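Chemist: Sequence:
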Amino acid sequence: MATGGRRADPRAEEHGLFSDALADWTNDDVLQTDAARTALGARHPAALRVLDWPELRAQFDRYDPPATRDGRRDRRFGLWSVGLATLGLVLALASPLAVGGERVVEVVAAVLVVAGLAMMAFHRFGAGSRARTLARRFGAERARALYFQAVVNNPDLAARAMTDDAALDDWKAARTRMLGDLPEPGDLPGQIPRLAGPVEDDTEAWVVAGWSQSPRAPEPSKDLDLLLSLLCGQRLDSQIDYVERKLSASLGAPGQRAAVVRMLGRFLLAAAAVTGVMAGVLIFGMGRALGSTDVKLALEVAVGALVAAMALGVTNDDRRLASDADRYAASFTALSRARARFDRGGLAEKLAALRDVEVVCYRDLRAFVGNHWRSR
Numbered sequence: 014m015a016t017g018g019r020r021a022d023p024r025a026e027e028h029g030l031f032s033d034a035l036a037d038w039t040n041d042d043v044l045q046t047d048a049a050r051t052a053l054g055a056r057h058p059a060a061l062r063v064l065d066w067p068e069l070r071a072q073f074d075r076y077d078p079p080a081t082r083d084g085r086r087d088r089r090f091g092l093w094s095v096g097l098a099t100l101g102l103v104l105a106l107a108s109p110l111a112v113g114g115e116r117v118v119e120v121v122a123a124v125l126v127v128a129g130l131a132m133m134a135f136h137r138f139g140a141g142s143r144a145r146t147l148a149r150r151f152g153a154e155r156a157r158a159l160y161f162q163a164v165v166n167n168p169d170l171a172a173r174a175m176t177d178d179a180a181l182d183d184w185k186a187a188r189t190r191m192l193g194d195l196p197e198p199g200d201l202p203g204q205i206p207r208l209a210g211p212v213e214d215d216t217e218a219w220v221v222a223g224w225s226q227s228p229r230a231p232e233p234s235k236d237l238d239l240l241l242s243l244l245c246g247q248r249l250d251s252q253i254d255y256v257e258r259k260l261s262a263s264l265g266a267p268g269q270r271a272a273v274v275r276m277l278g279r280f281l282l283a284a285a286a287v288t289g290v291m292a293g294v295l296i297f298g299m300g301r302a303l304g305s306t307d308v309k310l311a312l313e314v315a316v317g318a319l320v321a322a323m324a325l326g327v328t329n330d331d332r333r334l335a336s337d338a339d340r341y342a343a344s345f346t347a348l349s350r351a352r353a354r355f356d357r358g359g360l361a362e363k364l365a366a367l368r369d370v371e372v373v374c375y376r377d378l379r380a381f382v383g384n385h386w387r388s389r
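Position in the sequence shown counted from 1, then plus 13, gives you my numbering.
None of these hints come from the bench; they were simulated from the model.
No experiment lies behind these values; they were computed from the predicted model shown.
For glycine and all other residues, C-beta sits at the position ideal for the given N, C-alpha and C.
Please note that the accuracy of each hint is not assured.
Pair by pair, the computed Cβ-Cβ distance ranges are [claimed, not checked]:
1. ARG387 - LEU303: 36 to 46 angstroms
2. GLY193 - ALA48: 40 to 50 angstroms
3. ASP177 - ARG89: 16 to 26 angstroms
4. PRO198 - ARG387: 15 to 25 angstroms
5. ALA286 - PRO211: 33 to 43 angstroms
Build the full structure now, drawing on both the sequences and the hints.
Modeler: Listed below in structure tokens is the structure:
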């Protein structure tokens with residue numbers, strides 16, 4: 014599932030290990046930015062008449078910016094929980110240095126660790142917050158899908174609207190009716206548990222129910238050829254670009270992050286086990302008191318390693334990341350097939366390929382919702 018779009022050659026640049034593969038990503042696939050509309054208007058003003066959809070951009074803004082804010086808020090919340098727990102552990106380790114105030118420092122450290130762990134638990138198991146975040150992302154992607162599905166299911170009217178004012182009026186009136194089929198923001202959070210399940214029927218991919226049946230093939234025309242070519246770039250090429258970035262070697266890519274997180278998690282759990290055994294040997298094998306400095310140090314290191322492993326799970330769940338990587342790989346394969354079908358086919362095949370993209374994108378969206386919902 015793409016969170017933005019731009020037509021580019023993904024092979025034109027390499028994304029290194031420490032670079033952000035999505036640093037320059039923008040929501041211009043639905044002409045959300047002024048720059049995208051200006052660029053299209055300069056090259057294909059007739060197409061801009063059809064593809065510029067201000068009302069849908071307003072609907073998109075109801076979902077996408079809040080979803081982005083939710084994601085950033087969740088990351089900040091996770092980092093705060095990790096920071097509090099880490100600060101508590103550092104204070105606990107340093108408590109022997111607070112001569113005369115060891116007990117106070119230890120109490121403060123314990124409070125910080127407990128607060129951090131509580132925040133982690135809330136972040137991980139807060140169903141309501143997670144449902145709202147996923148609902149907004151789902152709504153944004155349905156608005157994005159409507160933008161392209163409107164043309165794919167009304168190709169003749171959209172092509173005529175490029176040069177005919179009466180057809181343009183009909184096109185705008187039809188688009189206004191289509192907006193009524195978008196889900197309401199307030200209705201979506203309660204549907205997330207269902208949407209997290211598998212797709213039972215590909216007809217669900219279509220925002221308007223009647224679009225599950227392919228429309229009658231229109232008469233070929235230069236305007237239609239141009240329109241389909243632009244749609245291919247905005248929808249299909251941008252999706253492939255996005256997925257390839259997500260499959261890159263950058264540490265920001267889910268697959269690479271999953272491998273690193275898995276390795277660090279195992280190391281931290283091993284460290285916790287070793288230091289825990291050391292504490293046991295000191296107490297039961299060597300007769301050291303529970304409050305002795307070496308026993309306390311071993312226990313604090315063990316707890317610290319466990320907290321750090323939990324923190325990794327909160328901010329970077331390796332199972333979710335690995336599932337995301339698998340999802341992107343499957344999406345890339347399906348999108349590549351659609352691109353090949355578009356390139357080798359005539360008008361009917363090009364329309365069929367663009368319809369295939371809508372099914373692929375919807376299945377990917379549902380997989381995204383399910384993966385992130387089950388990671389609670």
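Chemist: Could you work out which of the previously given hints the structure breaks and list their numbers from low to high?
Modeler: As far as the earlier hints go, 2 and 3 are violated by this structure, in ascending order.
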